[in-house]
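Protein chains: 2
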Amino acid sequence: MNELRLIDAFLAPFGLSRDARASGPGVLSGPGDDCAVVRPSTGRKLVLKVDELVERVHFDWRWFAPDDVGHKALAAALSDLAAAGARPRWFLCALGVPPGADALRIAGGVARGMAALARRHGCTLVGGNFTRADAWSVSITALGEADRPRGRGGARPGDAIILVGELGKAALGLRLLRTAGHRPGSRVRAAAIRAQLRPQPLVDAGLAAGSLAAAAVDVSDGFLRDLGHVCAASRCGAEVEVDSIPLDPIVRAAGIELALSGGEDYALLLAVRPRNVVRLLLRLRRAGAPAARIGHFATGRGIRLLEGGKLRPLPKRLGWDHFA
Amino acid sequence: MNELRLIDAFLAPFGLSRDARASGPGVLSGPGDDCAVVRPSTGRKLVLKVDELVERVHFDWRWFAPDDVGHKALAAALSDLAAAGARPRWFLCALGVPPGADALRIAGGVARGMAALARRHGCTLVGGNFTRADAWSVSITALGEADRPRGRGGARPGDAIILVGELGKAALGLRLLRTAGHRPGSRVRAAAIRAQLRPQPLVDAGLAAGSLAAAAVDVSDGFLRDLGHVCAASRCGAEVEVDSIPLDPIVRAAGIELALSGGEDYALLLAVRPRNVVRLLLRLRRAGAPAARIGHFATGRGIRLLEGGKLRPLPKRLGWDHFA
Numbered sequence: 663m664n665e666l667r668l669i670d671a672f673l674a675p676f677g678l679s680r681d682a683r684a685s686g687p688g689v690l691s692g693p694g695d696d697c698a699v700v701r702p703s704t705g706r707k708l709v710l711k712v713d714e715l716v717e718r719v720h721f722d723w724r725w726f727a728p729d730d731v732g733h734k735a736l737a738a739a740l741s742d743l744a745a746a747g748a749r750p751r752w753f754l755c756a757l758g759v760p761p762g763a764d765a766l767r768i769a770g771g772v773a774r775g776m777a778a779l780a781r782r783h784g785c786t787l788v789g790g791n792f793t794r795a796d797a798w799s800v801s802i803t804a805l806g807e808a809d810r811p812r813g814r815g816g817a818r819p820g821d822a823i824i825l826v827g828e829l830g831k832a833a834l835g836l837r838l839l840r841t842a843g844h845r846p847g848s849r850v851r852a853a854a855i856r857a858q859l860r861p862q863p864l865v866d867a868g869l870a871a872g873s874l875a876a877a878a879v880d881v882s883d884g885f886l887r888d889l890g891h892v893c894a895a896s897r898c899g900a901e902v903e904v905d906s907i908p909l910d911p912i913v914r915a916a917g918i919e920l921a922l923s924g925g926e927d928y929a930l931l932l933a934v935r936p937r938n939v940v941r942l943l944l945r946l947r948r949a950g951a952p953a954a955r956i957g958h959f960a961t962g963r964g965i966r967l968l969e970g971g972k973l974r975p976l977p978k979r980l981g982w983d984h985f986a
Numbered sequence: 663m664n665e666l667r668l669i670d671a672f673l674a675p676f677g678l679s680r681d682a683r684a685s686g687p688g689v690l691s692g693p694g695d696d697c698a699v700v701r702p703s704t705g706r707k708l709v710l711k712v713d714e715l716v717e718r719v720h721f722d723w724r725w726f727a728p729d730d731v732g733h734k735a736l737a738a739a740l741s742d743l744a745a746a747g748a749r750p751r752w753f754l755c756a757l758g759v760p761p762g763a764d765a766l767r768i769a770g771g772v773a774r775g776m777a778a779l780a781r782r783h784g785c786t787l788v789g790g791n792f793t794r795a796d797a798w799s800v801s802i803t804a805l806g807e808a809d810r811p812r813g814r815g816g817a818r819p820g821d822a823i824i825l826v827g828e829l830g831k832a833a834l835g836l837r838l839l840r841t842a843g844h845r846p847g848s849r850v851r852a853a854a855i856r857a858q859l860r861p862q863p864l865v866d867a868g869l870a871a872g873s874l875a876a877a878a879v880d881v882s883d884g885f886l887r888d889l890g891h892v893c894a895a896s897r898c899g900a901e902v903e904v905d906s907i908p909l910d911p912i913v914r915a916a917g918i919e920l921a922l923s924g925g926e927d928y929a930l931l932l933a934v935r936p937r938n939v940v941r942l943l944l945r946l947r948r949a950g951a952p953a954a955r956i957g958h959f960a961t962g963r964g965i966r967l968l969e970g971g972k973l974r975p976l977p978k979r980l981g982w983d984h985f986a
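Taken in order, these protein sequences are the chains called A and B. 663 is the number of the first residue of the first sequence in the numbering used here; add one for each residue after it. 663 is the number of the first residue of the second sequence in the numbering used here; add one for each residue after it.
If you are wondering where the hints come from, they were derived from the structure by calculation, not from laboratory data. Certain hints may be false.
A pair holds if it fits inside one copy or across any two, identical chains being indistinguishable in the list.
What the hints assert, rightly or not - Under the rule of at most 20 Å between Cα atoms (straight-line distance), these lysine to any residue pairs were calculated in the SDA-like manner: (1) K978 x L666; (2) K978 x E665; (3) K978 x N664; (4) K978 x M663; (5) K972 x W723.
Assemble the whole structure, with the sequences as input and the hints as a guide.
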């Protein structure tokens, strides 16, 4: 193997080669050159996100196929663009590759999963880097565009908390994989495993929400932890009605902590002024995105969980900390 | 240690905190938010590069201080922008961090080296990511802007090959570190070690060259390998007069292969139409960048080395291949 064969194996699923210059809309120079060159849209803001998946930290080859890893790495970055309400445009991928007999096959598989998701969202690979490493790693830098990107910091006391997507399934899927491996045993279990291996970034929902959402975050580290990020950035608190979180029965049976702090859901949390809630829910329904009002932002600090009208203590673990 | 303390330690040398939103020119939302948001300049092209350094592959803690690693990771990415003739604007950094007692100290040091270089070139940190890993890794995505970015593909037979910067010193520095460690013993040896640990990206020279250079590449993988990239992309060959490559006496004494294929020089190779050569050399001199005409692009394919008027065989190894 050499570096050029590795590049070829990676580019092929994207329909690209080292000679190809332009690889998509707005791309003046693509992965074949030293640098990528793109033409940003006039007057729009550029939204940037870097995210990384590492073997044995974020994924395990016993359960993940190479194309699952490629899909999930890009999905994680696109999910942040979705929260910002940005339209995905371009991305770069830095791969850490342990040399070995199966490196070409794995790199090709990673690219295949990534290319399929990229195509679905109109996001073009424009550059990358390969380096030797002891473990596989996939680092994605995604670039999107938006007129008025949302951040974490725009929530106000009184705003509704709108949850788009589902909580707890991905964490349950990981638990199932760890205990039973790849034998789902039922349709609902298979769906949970799929949520872990193949999360779908809610790009269309993020775009549909537009300026009706004042702040947003995607749930990657865990619902309570990510909601806490919005509270901290917006200098307010939050009250969540646990009963109004829509839960798959299989998640409810396995324990609501999976939904509250499991992580990797790639759901969206939106802060929405009361007058905009109905319009927003309508728009999201039209975009085919399940959404629910699950509480509101409040004065003060911290998150309060309410269950049957009573305060429920927060779980000890709010979410995922790489280094805790 | 937890992730937030790690983020704080990393942001401090940049004069940033998790609360800070805007961190520099054109930055609407910086490292404190989920995504970075920047405002690209109207009408200019965006030039993108991702590059990664990995512990034990690209650097060794026996010789590299943390701030050397931070400096070099950013320098490598800025060097590609320099070749393109782009002005550095923003960058993102994804760090792979082995948990341990010294993780905070190392992350802070990496940031310190990076921040100093970033400041010098007006390039602003806008986002990042931390992940647990078995080995340290630093992945940089650099964004620059240019009216007419140069690529590898614009050279024509007859164009002069202009070398900006020096060849062979960094490779010699690595050899010295491997054999004698951090005891340089003389000023010239110290300079070689410095070229290895602290390469300077030729950003000003790249900007000064402007449209007088038709194609460019930075020498990171090795002179012959990177020149070969330009030849391949431009569908031409090249003739290099070995005697006209300016060599430090210590590099010449250690063997010219260090200059021809050693790599990590972060010099620039420019393809320049004959009528533009004098003007370009003048401009580079004014920019304080040493430059020399070392040959020309030619019809046909492949690189020919001439020494004392005679053909000299190519060395077996043309440069650095991570996977060869």
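Here is what the structure says about each hint:
no. : hint        : result
1   : K978 x L666 : between (49 Å within a copy, 17 Å between copies)
2   : K978 x E665 : between (46 Å within a copy, 17 Å between copies)
3   : K978 x N664 : between (48 Å within a copy, 15 Å between copies)
4   : K978 x M663 : between (48 Å within a copy, 17 Å between copies)
5   : K972 x W723 : neither (43 Å within a copy, 55 Å between copies)
The earlier numbered hint that this structure contradicts is number 5, and it is the only one.
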